[in-house]
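Heads up: the protein sequence lines correspond to chains R and V, in order.
If you use our numbering, the first sequence corresponds to residues 1 to 390, in order.
If you use our numbering, the second sequence corresponds to residues 1 to 390, in order.
Don't read these hints as lab results, they were simulated from the structure.
Please note: incorrect hints may appear among the correct ones.
[As the list claims (entries may be wrong)] Subject to a maximum C-alpha distance of 25 Å in a straight line, what follows is the list of computed DSS-like cross-link-like pairs (lysine-lysine):
id	chain 1	residue 1	chain 2	residue 2
1	R	Lys360	R	Lys342
2	R	Lys314	V	Lys342
3	V	Lys98	R	Lys342
4	R	Lys98	V	Lys314
5	R	Lys116	R	Lys175
6	V	Lys342	R	Lys98
7	V	Lys137	R	Lys137
8	R	Lys314	R	Lys175
9	R	Lys314	R	Lys291
[To be verified] Have a look at the derived ranges for each label pair, beta carbon to beta carbon:
id	chain 1	residue 1	chain 2	residue 2	range
10	R	Cys79	V	Gln178	45 to 55 Å
11	R	Glu60	V	Asp146	31 to 41 Å
12	R	Ala161	V	Asp182	34 to 44 Å
13	R	Cys79	V	Arg15	42 to 52 Å
14	V	Glu315	R	Pro339	18 to 28 Å
Don't be surprised by glycine CBs; every beta carbon is placed ideally from N, CA and C.
There are 2 protein chains.
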Amino acid sequence: MPAFEKHEYAQRVKRTKESMQERGIDVLLVSHPANMNYLTGYDGWSFYVHQGLLIALDQEEPVWLGRGMDANGARLTTCLSEDNIREYADDYVQSLVKHPMHFIADVIKEKGWGAKRIGLEMDQFYFTHRNYVELEKSLPSATFVDGNALVNWVRVAKSEAEVEYLRRAGKIAVKAIQAAVDSIDVGVRECDAAAAIAHAQYSGTAEYAGDYPAIVPLMMAGEATSTPHLTWTERQYRADEAVLLELAGTYRHYHAPIARTIFLGPTPPPLMQETAEVVTDGLARTLEFVKPGVTAEEVEEAWRKAIAHSTVVKESRLGYSIGVNYPPDWGEQTISLRPGDKTVLEPNMTIHLIPGIWYKEVGFEIDATIRITETGNESLYDYPVELITK
Amino acid sequence: MPAFEKHEYAQRVKRTKESMQERGIDVLLVSHPANMNYLTGYDGWSFYVHQGLLIALDQEEPVWLGRGMDANGARLTTCLSEDNIREYADDYVQSLVKHPMHFIADVIKEKGWGAKRIGLEMDQFYFTHRNYVELEKSLPSATFVDGNALVNWVRVAKSEAEVEYLRRAGKIAVKAIQAAVDSIDVGVRECDAAAAIAHAQYSGTAEYAGDYPAIVPLMMAGEATSTPHLTWTERQYRADEAVLLELAGTYRHYHAPIARTIFLGPTPPPLMQETAEVVTDGLARTLEFVKPGVTAEEVEEAWRKAIAHSTVVKESRLGYSIGVNYPPDWGEQTISLRPGDKTVLEPNMTIHLIPGIWYKEVGFEIDATIRITETGNESLYDYPVELITK
């Protein structure tokens, strides 16, 4: 069963079509798995072969296109009518002769869309250059236009039902970070801590099943705290080292990321304590500023001002929009909190602020995952915002 | 530390360059995370932003190119010299103005490769159409040629060190499937079984840490057994239903997939029993045929003959090559066991044979993950090949 009511999907498709009209797109080929899920409920780990949705201004329902063996998955997880589930034969898969885009082009022609303005997600993973080449060859009368991130932007303000899912994800996030804090200790293998975290992430709460996050637990210890995207090894944690954690609670593919830092000893080194204080305080002061009407770049500016008295420097973006997603990224690839992003924040946007510091000498991570409310913002979960010592 | 000795990476780069010469490629841009890992050891969940390696005939070492915050990850996980770790500023990330391919093009020009024949992985996820457009704009004197799956084919026969890693992955696969068999039962939530599996996958054995597989556990129960790529929900298992499982043990990104079917009751329905017998026997007979010198399509033909006496029909490919990988696919995208694939099997190729059946009325999965030996083949793990009743 799809995760939302049928009318919610209809609303999402309607808003997508409005955006297509604004951009002069007649037919949109959606390749991004999260966009496919958002518009129809489709949910399966089938995105390692080419697939997609077609959204057309002159047809009410989206058309799902995928590999034959996944069509029953579309029947089970979407409300699409049988006519709009279109499957390609298995010899299109990773062939040097046939290509799934030939099949998609055939459906486009059959529907009478072969001379239309067709939007493509030009810079989304899952839309390869070869996809473009094969579509262009197969549809000589079509005009191709960039529909990149079009659906991502439709996703940016969440519905009440989505907010409820994000809150459930928040509950799971708390369980996952607590599993990390409980399991990480001197002499424990990193992989065993990762196992405890994954167990909490997948199991979820007694009420709500966890789902797989779009990113596995990122967990760096010792000298690895100089970089943010490493995972675990068979190494054992040592006394007096820091452990950076960035992970998420996930409910039906909706993400609540949480990042914290553990120091395995009673007294963190002065530079770490100082960095933790500056960043934690800076984050708190930034959150006081976040409300509807301010822009993404103004939030980053507020952060920069809040830490200006210190020696802490953060050159990477402060945060980004989150919601429904699939590997490899839980970021929505829309709003970025950084200079130049003039997006005006609105109620029910949901944002991950992660002022991570990855110096050679010290690494520190802490974060906030928030929903913009009518007057300010609120956290999606309740967990102490502080450097954890153990 | 990289997973292999420095000379092994040097060998891999050498063989990649030989293949480039055969294809008339001077410089290869490698985008696929598994190919990046294979050639340098680079290991980080940073592939949600654009990154890559440049392999050039006129330079010994590869050049790593990625986001600034990930450069320390490259320093920690590869043996590349400092000159060959090149980082782009954070404002290239998901920007509408700058694009990471501009940075990569700048490095190509600086190296004097701007008018060379440049190979691109045209149909790999992680190489988007926009990547191509930006490279073409930035490098007007270059000639772009298809280098798709070039490194994947270099990966196809495994070294002794890789075989050892695959055997370790096999040990972890057995622990993971056993965790599934132990935890799945009537009344248990699917998500709690998934949690037990993930725990076993990440924790590994007492000797060997598990790693994250490129695909999360695929687990279908009840009516969902009509399709192969769904995951878990909060639903509880019911009596007298089947559960299909496809999952992997993973050691340092090397995969040993394992698939089994559990029936939650003493007596599976006749159609299921019959299908299980035909498929299990057909698989055994196919394995007797697999040895160096036979082709991929001949293996599939042997399978088809072995089940010809029955009503079982399998239209999708019988199997594919496996090894090192990252999400979204543990398949290597080289050998496919199906008509038309004339690849001759060689010692130390490693293959996942998965004769899965996903009918509306019955689903059944069982598999073999094998290494081609000098005279035949051997399993990467030891686990009963049978329908499991519980």
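Each hint tested on the structure:
1. R:Lys360 with R:Lys342: Violated, at about 32 Å.
2. R:Lys314 with V:Lys342: 54 Å, violated
3. V:Lys98 with R:Lys342: 16 Å, holds
4. R:Lys98 with V:Lys314: Measuring from Cα to Cα gives roughly 20 Å; hence the hint holds.
5. R:Lys116 with R:Lys175: Outside the cut-off at roughly 49 Å; violated.
6. V:Lys342 with R:Lys98: 16 Å, holds
7. V:Lys137 with R:Lys137: Judged against 25 Å, a Cα distance of about 21 Å means the pair holds.
8. R:Lys314 with R:Lys175: 29 Å, violated
9. R:Lys314 with R:Lys291: 22 Å, holds
10. R:Cys79 with V:Gln178: 45 to 55 Å: 38 Å, violated
11. R:Glu60 with V:Asp146: 31 to 41 Å: At 39 Å between Cβs, range holds.
12. R:Ala161 with V:Asp182: 34 to 44 Å: About 36 Å separates the Cβ atoms of alanine 161 of chain R and aspartate 182 of chain V, which means 34 to 44 Å holds.
13. R:Cys79 with V:Arg15: 42 to 52 Å: 50 Å, holds
14. V:Glu315 with R:Pro339: 18 to 28 Å: Given about 54 Å between the Cβ atoms, the range is violated.
Hint check: violations occur at hints 1, 2, 5, 8, 10 and 14; the rest are consistent with the structure.
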